[in-house]
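Work the whole structure out from these sequences, hints included.
Protein chains in written order, with the numbering used here: chain A, 1 to 273; chain B, 1 to 320.
Any given hint could turn out to be false.
Said to hold, decoys possible - Residues from chain B shown here face chain A by an in silico Cβ test under 8 Å; the list is partial:
no., residue
1, Arg47
2, Thr166
3, Ile200
4, Lys244
5, Met245
Claimed, not checked - Below are the BS3-like pairs computed for lysine-lysine, each with C-alpha atoms no more than 25 Å apart in a straight line:
no., chain 1, residue 1, chain 2, residue 2
6, B, Lys244, A, Lys256
7, A, Lys162, B, Lys49
8, B, Lys13, A, Lys162
9, A, Lys119, A, Lys83
10, A, Lys265, B, Lys13
I should point out that these hints are in silico values taken from the structure, not numbers from a laboratory. For each residue, glycine too, the CB sits at the ideal point set by N, CA and C.
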Amino acid sequence: MIAIGERINGQFEDVKKAIAAKDKKVIQDLAQKQTEAGARYLDVNVGTAAADQQAAMQWLVTTIQETCKTPLCLDSQKPAVIKAGLEVADTSMGIMLNSSPLDKKSDPEVLDTYIGMAKENNGVLITLTMDKDGVPQNIEKRVEIAAMIVGKAMELDFAVDKLYIDPIVLPVNVPGAQTQPGFILEAIRQIKILSDPAPMTTVGLSNMSQGTTERSLINRIFLCMALSAGLDSAIVDVFDDQLMNVVATTEMLLNKQIYSDSFLKAYRALQTG
Amino acid sequence: MPVPDTGDRWSGKVNEVTLGATKEHGGTRGTTITVGGAQVMPFAGEREKRGRRPVIAADVLDAVPGEYPSTLVEAYKDVLEDPGAWAVKAVNECKADLICIKLDGTHPDKGDRSPGEAVKVVQAVKEAVDVPLIIWGSESDAKDNAVMPKVSEVVKGENALLGVITKDNYKTLTAVALADGHNVIALAPIDINIAKQVNILASDMSFPLGRIVMFQTTGALGYGLEYVYSIHERERLAALGGDKMMAMPTIADVGSEAWRAKEAKTPDAEAPDWGPQDERGPMWEAITAVSLLQTGADIIRMRHPGAMAVVRDYIDRLYA
Numbered sequence: 001m002i003a004i005g006e007r008i009n010g011q012f013e014d015v016k017k018a019i020a021a022k023d024k025k026v027i028q029d030l031a032q033k034q035t036e037a038g039a040r041y042l043d044v045n046v047g048t049a050a051a052d053q054q055a056a057m058q059w060l061v062t063t064i065q066e067t068c069k070t071p072l073c074l075d076s077q078k079p080a081v082i083k084a085g086l087e088v089a090d091t092s093m094g095i096m097l098n099s100s101p102l103d104k105k106s107d108p109e110v111l112d113t114y115i116g117m118a119k120e121n122n123g124v125l126i127t128l129t130m131d132k133d134g135v136p137q138n139i140e141k142r143v144e145i146a147a148m149i150v151g152k153a154m155e156l157d158f159a160v161d162k163l164y165i166d167p168i169v170l171p172v173n174v175p176g177a178q179t180q181p182g183f184i185l186e187a188i189r190q191i192k193i194l195s196d197p198a199p200m201t202t203v204g205l206s207n208m209s210q211g212t213t214e215r216s217l218i219n220r221i222f223l224c225m226a227l228s229a230g231l232d233s234a235i236v237d238v239f240d241d242q243l244m245n246v247v248a249t250t251e252m253l254l255n256k257q258i259y260s261d262s263f264l265k266a267y268r269a270l271q272t273g
Numbered sequence: 001m002p003v004p005d006t007g008d009r010w011s012g013k014v015n016e017v018t019l020g021a022t023k024e025h026g027g028t029r030g031t032t033i034t035v036g037g038a039q040v041m042p043f044a045g046e047r048e049k050r051g052r053r054p055v056i057a058a059d060v061l062d063a064v065p066g067e068y069p070s071t072l073v074e075a076y077k078d079v080l081e082d083p084g085a086w087a088v089k090a091v092n093e094c095k096a097d098l099i100c101i102k103l104d105g106t107h108p109d110k111g112d113r114s115p116g117e118a119v120k121v122v123q124a125v126k127e128a129v130d131v132p133l134i135i136w137g138s139e140s141d142a143k144d145n146a147v148m149p150k151v152s153e154v155v156k157g158e159n160a161l162l163g164v165i166t167k168d169n170y171k172t173l174t175a176v177a178l179a180d181g182h183n184v185i186a187l188a189p190i191d192i193n194i195a196k197q198v199n200i201l202a203s204d205m206s207f208p209l210g211r212i213v214m215f216q217t218t219g220a221l222g223y224g225l226e227y228v229y230s231i232h233e234r235e236r237l238a239a240l241g242g243d244k245m246m247a248m249p250t251i252a253d254v255g256s257e258a259w260r261a262k263e264a265k266t267p268d269a270e271a272p273d274w275g276p277q278d279e280r281g282p283m284w285e286a287i288t289a290v291s292l293l294q295t296g297a298d299i300i301r302m303r304h305p306g307a308m309a310v311v312r313d314y315i316d317r318l319y320a
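Here it is, written out as C-alpha cells:
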C-alpha cells in the first residue's frame with residue numbers, strides 16, 4: 001500500500017502554530033519522522049487558518065524540501081494553492097496532487113485544471129467521486145462518477161494508472177452513515193475493473209473514525225477490509241505502528257508480500273527504502 | 001481515444017552484483033563480472049531491460065570423491081589432483097567465466113580436510129587463474145565456520161563470492177564476508193519464505209543487500225527441476241514487484257546435481273540401452289542448465305566441458 005502521511009496539515013494544532021510562527025523545525029521533524037515510519041508521500045495541507053494560503057503552501061513546501069526528499073502530496077481544493085506549491089516544489093522525486101471532484105457548480109472545468117497541473121509536472125492525481133451535486137450516498141453513483149473521471153483522463157491523455165480515485169470515506173457515526181463503509185468497499189472493487197490498466201484507489205482513512213471512540217481500531221479494521229477490496233493507497237497516520245502492521249499483515253495474507261519470519265520488519269524496510 | 005498501453009510494467013529490478021577485483025580496486029583479478037540487473041521476466045521484454053548476460057562458473061573440487069563419474073574423470077584426468085591446473089583448464093579450455101572452488105573435502109563425512117588444506121587449495125587456484133572466484137564450503141555448519149574465515153582471508157580484497165549462509169548458520173560467514181569485502185550466497189531449501197528471511201538476517205548484521213546472491217538448492221532434470229524452476233520464477237517476480245529483500249541475482253548448482261542423477265552417472269556397462277554415458281551425462285547437465293537459464297538464473301555452476309560448451313553457445317544465441 002502506498003501510505004500518504006497525513007500529519008502536515010494545518011488542521012493539526014502543532015502545524016497550525018508552526019505555520020503562524022514560521023517554525024521550520026516542527027514541520028521538518030514531521031516530514032522526517034513520517035518518512036521513517038513508512039510514508040511514501042507527505043500530504044501538505046495549509047488548513048483553513050492561514051491568511052494567505054498560497055504563501056503558506058509555498059513556505060511548507062520549501063521548508064519540507066530543505067531537509068527531506070520524500071515526494072509531496074499537495075493538498076488543497078483551490079487550484080491556485082496547488083499551483084503556488086508547484087511553483088516552488090522539486091517534483092523530480094514525484095508529486096501527487098490532492099484533489100479534484102469531477103466538476104463543481106462554481107468551476108465546471110476543475111478536473112481539467114487539476115489534470116493539466118498533474119500532467120505538466122509528471123505527477124499523479126487524487127480525484128474524488130464527487131460532482132456538482134455533492135457526495136454520492138450509494139455505490140452506483142460513486143462508480144459512475146469514477147467512470148466519467150477515467151473517461152476524462154483518457155480524453156486528456158493522462159495515464160489512468162496515475163489517477164488515484166477516492167470514493168470518499170464519511171464518519172461512521174453520522175446518523176444513517178453506517179451503510180457507507182460497505183458501499184465504499186464495493187465501489188473500490190468496481191472502480192478497480194473500470195479499465196486496464198486500472199485506476200489506482202485511495203481513501204482519507206481517518207475520516208471514517210472522526211468523532212468516534214476506538215478511533216485507531218476502526219481505522220485499522222476498515223483499512224484491512226479496504227485493502228482486501230483492492231485499495232492501493234491511503235492517507236493515514238503513519239505514526240500508528242499497529243496500523244502499519246495491519247497493512248503489512250494484510251498484504252502478506254493477500255500474497256502481495258512474500259512471508260518471512262520477519263515480515264513486519266521487511267515491510268517497513270520496503271516502505272522506507 | 002488512444003489504445004491504452006497494456007504491456008507489463010515492473011517497478012523493481014534485480015540487483016547488479018559485481019564479482020572480482022582488479023588491481024585498481026585492491027585485487028589481483030584480470031577481469032570482473034557483473035550479474036543481475038534484469039527489469040523484465042527472462043526473455044519476456046525489451047532486450048535492454050534483460051540485464052546482464054548469465055555466466056558459467058566451473059567447479060573445481062578440493063578433493064575428488066572416489067565414486068566420481070568416469071566421464072568427468074576422463075574430462076579432467078590430468079588435473080584432478082591439482083586444483084590450480086584444474087582451474088586453468090576450466091578457464092582456458094572450457095571458457096568458464098569464473099571458478100567455483102567447492103570445498104567438499106572439508107566435510108567431516110567426506111575427508112574432513114583441515115582449514116589449512118583448504119587454504120592451500122584456494123591459494124593455488126587464486127594464483128593459477130585471474131577470473132573472479134566463488135568459494136563454497138562443505139555445508140557442514142561447524143566445519144564451515146572453521147574453514148571459511150581462513151579461506152576468506154586468503155582472497156581478501158578479491159571481492160569473491162562466498163557460500164553459504166543459511167537461516168541457522170549465517171553469523172560467522174556474514175561477518176567474515178563483511179570484514180574481508182566479499183559477497184555471500186544465501187541458501188534456502190526451495191523455500192521462498194526462508195530465502196527472504198536469510199536475506200533479512202544478513203541485512204540485520206548490516207550486510208549490504210546488494211552483495212547477496214540467492215541460492216535455492218538445485219534439482220536436476222527428473223529430480224525436482226520443476227520445483228526449482230518455479231521458485232526461481234517467483235523470486236524474479238518478487239524482485240520485479242519491488243521487494244528489495246528479494247531483489248538478489250540467483251545462482252544454480254547444476255554440475256553436482258546433474259551428475260548425481262542416475263541417468264548421468266551410470267556407466268555404459270550397467271545401462272547398455274541408455275546410449276553412451278559420454279553423451280547422456282553432459283546432455284543431462286546441459287538440459288538442466290538451459291532450463292534454469294530460462295528462469296533467469298544469473299550464475300550457473302557446471303562441470304563437464306562439453307555441457308559448458310553447449311550452454312555457452314545457448315547463452316550466446318539468446319544474448320546475440
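Item to check | Violating hint indices (sorted, rising) | outcome: Violated: hints 1 and 2.
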